[in-house]
Amino acid sequence: MSIVEGASQEASSRGNVQIHAVHLKLGVLSGVVKEALLFSYDIACEGTPLEGSTLVIEEVPAVVYCSQCDSEKTLPSIQLFCCPTCGTLTGDLVSGRELELVGLEISELETADELTEPARAPENATDNGRLAVIAQ
Amino acid sequence: MSTQPRLVEVRQNVLKQNDLLARWLRQRFSDTGVYVISLVSSPGAGKTTLLEKTLTHLKAKGCRVAALVGDLATENDAARLARSEVPVRQIITGTVCHLDADMVQSSLDDWDLNDLDCLFIENVGNLVCPSSYDLGEDLRIVLMSVTEGEDKPLKYPTIFNTADVALITKTDLSEAVEFDLVGARGSIQSVRPGMDVIELSAKTGAGLDEYLEYLLKKIESKTAVARV
Chain A
30 MSIVEGASQE ASSRGNVQIH AVHLKLGVLS GVVKEALLFS YDIACEGTPL
80 EGSTLVIEEV PAVVYCSQCD SEKTLPSIQL FCCPTCGTLT GDLVSGRELE
130 LVGLEISELE TADELTEPAR APENATDNGR LAVIAQ
Chain B
2 MSTQPRLVEV RQNVLKQNDL LARWLRQRFS DTGVYVISLV SSPGAGKTTL
52 LEKTLTHLKA KGCRVAALVG DLATENDAAR LARSEVPVRQ IITGTVCHLD
102 ADMVQSSLDD WDLNDLDCLF IENVGNLVCP SSYDLGEDLR IVLMSVTEGE
152 DKPLKYPTIF NTADVALITK TDLSEAVEFD LVGARGSIQS VRPGMDVIEL
202 SAKTGAGLDE YLEYLLKKIE SKTAVARV
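Line by line, the protein sequences give chains A and B. Position in the first sequence (from 1) plus 29 gives the number in the working numbering. Position in the second sequence (from 1) plus 1 gives the number in the working numbering.
It is worth saying that the hints were derived from the structure and are not from the lab. If you're wondering where the values come from, they're calculated on a predicted model, not measured in any experiment. Possibly wrong hints are sitting among the right ones.
Here are the computed lysine-lysine pairs in the BS3-like style, where the Cα-Cα straight-line distance is at most 30 angstroms [to be verified]:
1) B/K17 to A/K102
2) B/K17 to A/K63
3) B/K54 to B/K156
4) B/K156 to A/K102
5) A/K54 to A/K102
6) A/K54 to B/K17
7) B/K60 to B/K223
8) B/K60 to B/K204
9) A/K54 to B/K219
10) B/K218 to B/K54
11) A/K102 to A/K63
12) B/K204 to B/K219
13) A/K63 to B/K156
14) B/K62 to B/K223
15) B/K218 to B/K62
Build the full structure now, drawing on both the sequences and the hints.
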């Protein structure tokens with residue numbers, strides 16, 4: 030529900046817009062299960078400005094700092110907090126707890142007056158380019 | 002009719018409201034010199050039994066303690082804890098499987114925190130959701146009982162990873178359930194390297210002194226600072 034509220038507030042601050050998708054970063058140590066979120070998303074969105082939108086989840090692995098290697102390492106498993114390179118135990122978490130709303134895909138809903146405005150193709154092209162980059 | 006969809010950056014923690022309130026609570030606890038300890042575990046690991054003993058012993062040592070206790074439906078735990086004759090308040094969460102900062106904040110209500118040295122918050126028995134909610138506590142204790150098996154930390158790494166101390170409870174039953182203590186400690190260190198671990202039995206009292214000493218040191222370090 031916090032996702033729906035946060036995204037709705039963000040969207041409403043941007044005027045009369047339609048929300049197509051909500052982008053979320055989800056750490057493996059966030060305590061939230063991706064499948065459960067996706068399952069409940071549609072129900073949580075019912076009757077809100079987010080109804081009909083999709084939830085796009087980017088999973089963030091647990092990354093720790095290994096003092097032995099003096100570098101950040103991605104853990105293959107959150108059941109074993111040790112450096113995958115040298116085997117040193119480390120609890121120094123750099124990332125993996127994220128539960129973060131990172132972006133919204135929106136489009137302006139035009140009023141009758143605005144329909145006479147010229148099309149904004151160049152700006153849209155740029156935005157689509159950015160979308161593609163983020164989606165990778 | 003609408004324009005082409007575009008992506009706008011937001012960058013907002015989903016639990017921002019909870020985190021903001023938790024930060025405010027932490028400041029309030031800090032200003033009044035109250036050390037706050039939360040207890041998390043699966044249902045039946047022995048949170049309430051241990052807390053009842055803890056409250057009684059800490060009170061006897063002159064520590065001014067109180068407790069908030071979360072439960073889905075009943076006030077049984079508060080009634081049990083009230084036997085320790087310290088202020089206790091039940092938080093009934095209804096269908097919610099965890100406590101959040103708002104529930105803690107509204108339950109403190111009219112309590113004068115200046116009258117307390119230490120506040121315990123017993124979370125709802127659940128090893129999943131409570132890990133995501135900051136309650137403004139100084140210390141998060143996770144309990145695992147010997148009857149749950151030594152691999153519990155590997156099954157619920159997130160809650161162990163967000164906690165500061167692990168207690169292995171019901172050690173009086175270790176032999177009966179052939180509990181592998183070395184394996185359990187290994188599991189804990191695997192998901193949270195360097196984590197403090199204390200073994201105890203609230204029933205026989207084994208390990209209880211070590212636990213109470215550990216808590217008192219933590220409590221005193223904070224109340225001493227606040228009173229300077």
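*Which earlier hints turn out false for this structure, listed by number in ascending order?*
Violated: hint 9 alone.
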